[in-house]
Amino acid sequence: MEEVKLIGTWPSPFSYRVIWALKLKGIPYEYIEEDLSNKSPMLLQYNPLHKKIPVLVHGGKPICESAVILQYIEDVWPQNPLLPNDPHERAVARFWVQFADNKVPCIWRLFRTTEGDEQEEAKKESMEMLRALEEHGLRDKKFFGGDKIGIADIAFGQVAHWLEMIEDLVGVKLIEAHTFPHLHAWTKNFKQVPIIKENLPEYGEMLVYFKRARYNFLATRGLGI
Amino acid sequence: MAKENNVKLHGMWASPYVKRVEIALKIKGIPYEFVEEDLVNKSQLLLQYNPVHKKVPVFIHNGKPISESLVILKYIDETWKNGPPLLPQDPYKRAKVRFWTIFLFENLLSVARSEGEAQETASKVVFEKVKLLEEGMKDLFQGENHHIDGENMGILDVVLCSLFGAHKAQEEVLGVKFIDPEKFPRVCSWVTTLTEVTAVKEFRPPHEKLVVVLQFIRQRALQASAA
Numbered sequence: 001m002e003e004v005k006l007i008g009t010w011p012s013p014f015s016y017r018v019i020w021a022l023k024l025k026g027i028p029y030e031y032i033e034e035d036l037s038n039k040s041p042m043l044l045q046y047n048p049l050h051k052k053i054p055v056l057v058h059g060g061k062p063i064c065e066s067a068v069i070l071q072y073i074e075d076v077w078p079q080n081p082l083l084p085n086d087p088h089e090r091a092v093a094r095f096w097v098q099f100a101d102n103k104v105p106c107i108w109r110l111f112r113t114t115e116g117d118e119q120e121e122a123k124k125e126s127m128e129m130l131r132a133l134e135e136h137g138l139r140d141k142k143f144f145g146g147d148k149i150g151i152a153d154i155a156f157g158q159v160a161h162w163l164e165m166i167e168d169l170v171g172v173k174l175i176e177a178h179t180f181p182h183l184h185a186w187t188k189n190f191k192q193v194p195i196i197k198e199n200l201p202e203y204g205e206m207l208v209y210f211k212r213a214r215y216n217f218l219a220t221r222g223l224g225i
Numbered sequence: 001m002a003k004e005n006n007v008k009l010h011g012m013w014a015s016p017y018v019k020r021v022e023i024a025l026k027i028k029g030i031p032y033e034f035v036e037e038d039l040v041n042k043s044q045l046l047l048q049y050n051p052v053h054k055k056v057p058v059f060i061h062n063g064k065p066i067s068e069s070l071v072i073l074k075y076i077d078e079t080w081k082n083g084p085p086l087l088p089q090d091p092y093k094r095a096k097v098r099f100w101t102i103f104l105f106e107n108l109l110s111v112a113r114s115e116g117e118a119q120e121t122a123s124k125v126v127f128e129k130v131k132l133l134e135e136g137m138k139d140l141f142q143g144e145n146h147h148i149d150g151e152n153m154g155i156l157d158v159v160l161c162s163l164f165g166a167h168k169a170q171e172e173v174l175g176v177k178f179i180d181p182e183k184f185p186r187v188c189s190w191v192t193t194l195t196e197v198t199a200v201k202e203f204r205p206p207h208e209k210l211v212v213v214l215q216f217i218r219q220r221a222l223q224a225s226a227a
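Chains as they are written, first to last, in this note's numbering: chain A, 1 to 225; chain B, 1 to 227.
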């Protein structure tokens with residue numbers, strides 16, 4: 001098998017998407033931690049357009065954009081499939097992956113706000129997004145993929161682990177058992193899956209990292225916390 | 001494969017996203033029923049089929065709905081194996097095409113909905129993307145000329161076509177020329193070839209009608225932001 005490398009950054013949720021996919025399929029790979037404040041020539045060579053992580057390098061060929069990487073991994077290594085067999089269900093899974101990439105970023109907008117109109121707006125958007133997940137995405141299934149996790153669960157990983165950190169730092173509570181019962185249960189179930197449990201950034205360390213990042217960001221905007 | 005093949009497409013005549021699906025269905029030779037939706041007065045059926053986004057296109061195959069144009073295109077490609085493939089077979093080439101289809105995400109609407117400095121900023125984003133595409137084409141097609149006809153259009157051709165196929169109407173209404181043959185000769189040549197493909201020509205609304213729709217969208221947006 002040709003060599004597989006993953007260029008990522010702890011604790012990026014997008015990095016983790018690829019780690020989970022590789023581990024679920026049992027694909028051996030070399031992990032390379034990238035310092036985004038001092039981008040390596042390797043990253044600039046492999047992803048000249050966006051200069052972002054994650055980048056998967058397979059046999060020397062780079063693949064960028066986590067959603068594209070997930071699909072590539074599924075195409076090349078069909079064992080332990082992340083997509084269902086049925087074509088319609090596959091389309092539904094892909095719909096939710098696209099939703100994850102287009103709509104979930106509102107939680108990061110929330111992360112970058114302090115109290116005020118902007119925060120209220122970001123909160124509202126986030127709640128609408130979560131409502132769509134609860135009522136139309138997850139409904140009464142255990143996972144987005146059904147009985148076991150699939151590509152959509154991986155895509156929504158941010159909501160299971162990173163959102164809690166955002167809630168803590170911003171001081172808002174979005175997912176509660178009585179408002180989003182299925183989603184709330186899903187966040188717990190998702191993190192109990194062995195491969196996921198063993199591959200999550202440690203919460204305390206993550207909190208420290210993002211607290212500093214948030215502080216720095218707000219400082220550049222002249223806002224204190 | 002389903003025994004019966006009942007295909008419906010809910011759409012709106014001027015929507016570029018709907019166009020993508022229509023072109024793909026034409027290329028694959030799939031018969032379908034088109035249901036025109038009034039987007040100002042959305043039907044109960046549309047809201048039932050696409051409760052999350054409430055948008056067109058919605059593709060219904062044997063009663064099961066699918067939304068989001070790119071998701072629909074992939075579904076069509078996987079389900080109807082006859083006819084040309086929309087995505088390449090090789091996983092690495094597929095990944096490159098997928099990367100570019102995500103990249104060519106529609107920014108034109110922000111140009112249409114703004115004026116003055118705001119429009120300049122929005123236009124810059126689109127120019128930057130077209131420039132990167134111009135440069136990226138070398139790697140994408142590995143030096144070969146990308147020969148397209150109605151038989152071998154792929155997903156990227158369909159997406160580019162839906163974005164810039166109506167570029168003349170866009171130029172007239174917005175006063176910005178994105179498909180500039182001097183600045184972006186390769187992209188310009190690609191778009192021009194696409195607009196000449198029979199399957200595409202068939203679905204292009206007349207220039208005047210497109211100009212009217214674009215002007216309407218623009219006026220409404222400018223009024224809304226001024227209010």
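Heads up, a few of these hints could be off.
As the list claims (entries may be wrong) - Taking lysine-lysine and the BS3-like style, the derived pairs with C-alpha atoms no more than 30 Å apart in a straight line are:
#	chain 1	residue 1	chain 2	residue 2
1	A	K123	B	K55
2	A	K51	B	K93
3	B	K177	A	K141
4	A	K51	A	K23
5	B	K64	A	K142
6	A	K103	B	K183
7	A	K103	B	K201
8	B	K54	A	K124
9	A	K5	B	K129
10	A	K173	B	K124
11	A	K61	B	K81
12	A	K52	B	K138
13	B	K124	A	K25
14	B	K183	A	K52
15	A	K39	B	K54
16	B	K54	A	K103
17	A	K25	A	K142
18	B	K129	A	K52
19	B	K183	A	K5
20	A	K52	B	K42
21	B	K26	A	K123
22	B	K42	A	K123
23	A	K141	B	K64
24	B	K8	A	K61
It should be emphasised that the hints constitute simulated quantities derived from the structure, not laboratory data. Please read these numbers as outputs of a predicted model, since none were measured by experiment.
Status of each hint after checking the structure:
no.	hint	in the structure
1	K123/A x K55/B	23 Å, holds
2	K51/A x K93/B	20 Å, holds
3	K177/B x K141/A	49 Å, violated
4	K51/A x K23/A	25 Å, holds
5	K64/B x K142/A	22 Å, holds
6	K103/A x K183/B	34 Å, violated
7	K103/A x K201/B	34 Å, violated
8	K54/B x K124/A	18 Å, holds
9	K5/A x K129/B	28 Å, holds
10	K173/A x K124/B	38 Å, violated
11	K61/A x K81/B	28 Å, holds
12	K52/A x K138/B	21 Å, holds
13	K124/B x K25/A	42 Å, violated
14	K183/B x K52/A	27 Å, holds
15	K39/A x K54/B	41 Å, violated
16	K54/B x K103/A	15 Å, holds
17	K25/A x K142/A	21 Å, holds
18	K129/B x K52/A	16 Å, holds
19	K183/B x K5/A	37 Å, violated
20	K52/A x K42/B	40 Å, violated
21	K26/B x K123/A	43 Å, violated
22	K42/B x K123/A	27 Å, holds
23	K141/A x K64/B	19 Å, holds
24	K8/B x K61/A	40 Å, violated
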